[in-house]
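K.L.:
One line per chain: the protein sequences are A and B, in this order. Following this note's numbering from start to finish, the first sequence increments by one per residue and tops out at 161. Following this note's numbering from start to finish, the second sequence increments by one per residue and tops out at 501.
Derived from the structure by calculation, the hints contain no laboratory data. This one's a predicted model, so the numbers in the text were calculated from it and none came from an experiment. Each statement offered as a hint is correct.
Derived Cβ-Cβ restraints for the label pairs, each shown as a range:
| id | chain 1 | residue 1 | chain 2 | residue 2 | range |
| --- | --- | --- | --- | --- | --- |
| 1 | B | Arg-322 | A | Gln-112 | 55 to 63 Å |
| 2 | B | Lys-239 | A | Ala-119 | 20 to 28 Å |
| 3 | B | Ala-243 | A | Arg-158 | 32 to 40 Å |
| 4 | A | Arg-144 | B | Glu-236 | 45 to 53 Å |
| 5 | B | Val-386 | A | Lys-121 | 27 to 35 Å |
Below, in silico cross-link-like pairs of lysine-lysine (DSSO-like), each with a Cα-Cα straight-line distance of 30 Å or less:
| id | chain 1 | residue 1 | chain 2 | residue 2 |
| --- | --- | --- | --- | --- |
| 6 | A | Lys-106 | B | Lys-219 |
| 7 | B | Lys-418 | A | Lys-22 |
| 8 | B | Lys-239 | B | Lys-219 |
| 9 | B | Lys-288 | B | Lys-239 |
| 10 | B | Lys-288 | B | Lys-219 |
| 11 | B | Lys-239 | A | Lys-121 |
| 12 | A | Lys-121 | B | Lys-219 |
| 13 | A | Lys-130 | B | Lys-219 |
| 14 | A | Lys-127 | B | Lys-288 |
| 15 | A | Lys-106 | A | Lys-127 |
| 16 | A | Lys-106 | A | Lys-130 |
| 17 | A | Lys-22 | B | Lys-188 |
| 18 | A | Lys-106 | B | Lys-288 |
| 19 | A | Lys-106 | A | Lys-121 |
| 20 | B | Lys-418 | B | Lys-188 |
| 21 | A | Lys-121 | B | Lys-288 |
| 22 | B | Lys-288 | A | Lys-130 |
| 23 | A | Lys-106 | B | Lys-239 |
| 24 | A | Lys-125 | B | Lys-219 |
| 25 | B | Lys-219 | A | Lys-127 |
Every residue, glycine too, gets a C-beta built ideally from N, C-alpha and C.
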Amino acid sequence: MAGVVTKQQERTGDVRLGRIGKGVRVLVALAGIGLLINGSVRASDDAWPFGPMSQYAGMIADDASITYTRITARTDAGTTVDVPLNIEGAGVARAEIEARTGEIVKDPSLLQAVADGWARKHPDKPKYVKLELIRDTTTLVDGRVVGDPVPEVLATWRVRR
Amino acid sequence: MSAATPTSTSAPEISRGQRVANWFTPKIALARIAWLRTILYLFVILDMHAFVRDTRLKGEHPGLYQPLFLARLFELPKPSVANTTTLYVVLIVFCLIGAANRMPRLAGWIVAPAFTWWVLIGMSDGKVDHDHLALVVALWVLPTVAPGTKHGTKGCTFQWRREVSPYADQTRSEAAGWAIRCVQISVIATYFLSAVAKLRGAGWTLGWPGSAILTWAIVRRPHPVGEWLLQYPWMLHTMQWAGIIGEFCSPVILWLKGRWQLLGALFFIGFHVANTAILMIHFLPTVVCWLAFAPLERIVPWFQRRRSVRRQAKGRSDRDAGEPEDQAEDSRQAKEQAGA
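Bound-form chain A, shown alone (with noise of 0.2 Å):
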């Protein structure tokens, strides 16, 4: 692109654009801007990085049910520890598994990978026995938290050495 620009110096040591130069940046700003639109009026994350900005405009009703899944794992050491889900934790992160929370859910010994992840990463720390991917619902009453969350066990995995 930068190849085909002619540049001609003014009397003030401007550098201006030639016809072509400019008329191919102005296109291309507005190419960039309509994908950008289009990608907000019609598309998914897929269309990355002309994608919607999606991230927290989604709807929330004031009743309804907040789900958050997390992983508790029983170590050799005789301790309930939640498993850290993200990269320097189990090497896996939790956004990750709560996409794959039905798989799991189905076949436990997905979460072998979780206690592998922190085994290598965490050699010298003690090693989970036991994971159990638990499901906490917090209940919205008028856009307000009242109350604790109900912990659902949805998953149990014994892991193998």
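With chain A fixed as given, assemble chain B onto it according to the hints.
P.N.:
Quick look at chain B alone, frame taken from chain A:
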């Protein structure tokens, strides 16, 4: 369009089309591009380690990889240890070269696709973040600007030597202005299109600001400030209204000038500070691109002026103390440069 206005026949009259074209290509000093190159290419390195940092991990465990549209369109290979490691090394090397304003166009044309691919892989596990638009656009437009040389902007792609200090180059260029404008539009689009997404998310109604979305977000991302706010839903609704109104009005900033534009920028930076406090969402890749609005080209002249004033003062006191004459000469030169 112009045929309908027969009165405008004088030569210097510019048509509406030209005025639009000029808006997209304002004349901006090349120094601003040089500063942005340094800041943004270094930011990319930070980004690769702090934000989109799981790309290499996805190379090791590509099990969850779900390629996004662009990756499918260009048939990009599945992430592997080999290609993500290569991508990592290439990005680090050429970001450093570009940040030094050496061979900035060559480095830029390598970093732009490489980082786009890096982010594409990072976001290919079902979760897409929306804070990278302006940064990615910036990386694609920066290499379109030729750096200044002694004989104007010839823009040799492979030139290692820098003939003029890029950070002080006050040559105003329309090509630089276009690149800056593109980044500015992308920054603003990030906000404006968020408002559009909120309308769409509520079935094209204005239901979003009155909904319990922030409550939902805080419950799912518990955090002391957020949990305290949960007791006051009206405060959360006020924030939602302020947010969506601000986002809708954001395009105004493109036409504001000087102090008013600064005020608009500060509003949105405050918005990010609040988001960080409540939701731990920082949006730094967008925040750093706000610098496209800042008159960075004034940094060097400002610094030179300050230095020359200080040297002058020092030169005077030194001469009083019987110091050699060459320091006074130095300060005179610095002053002349600053005035240039």
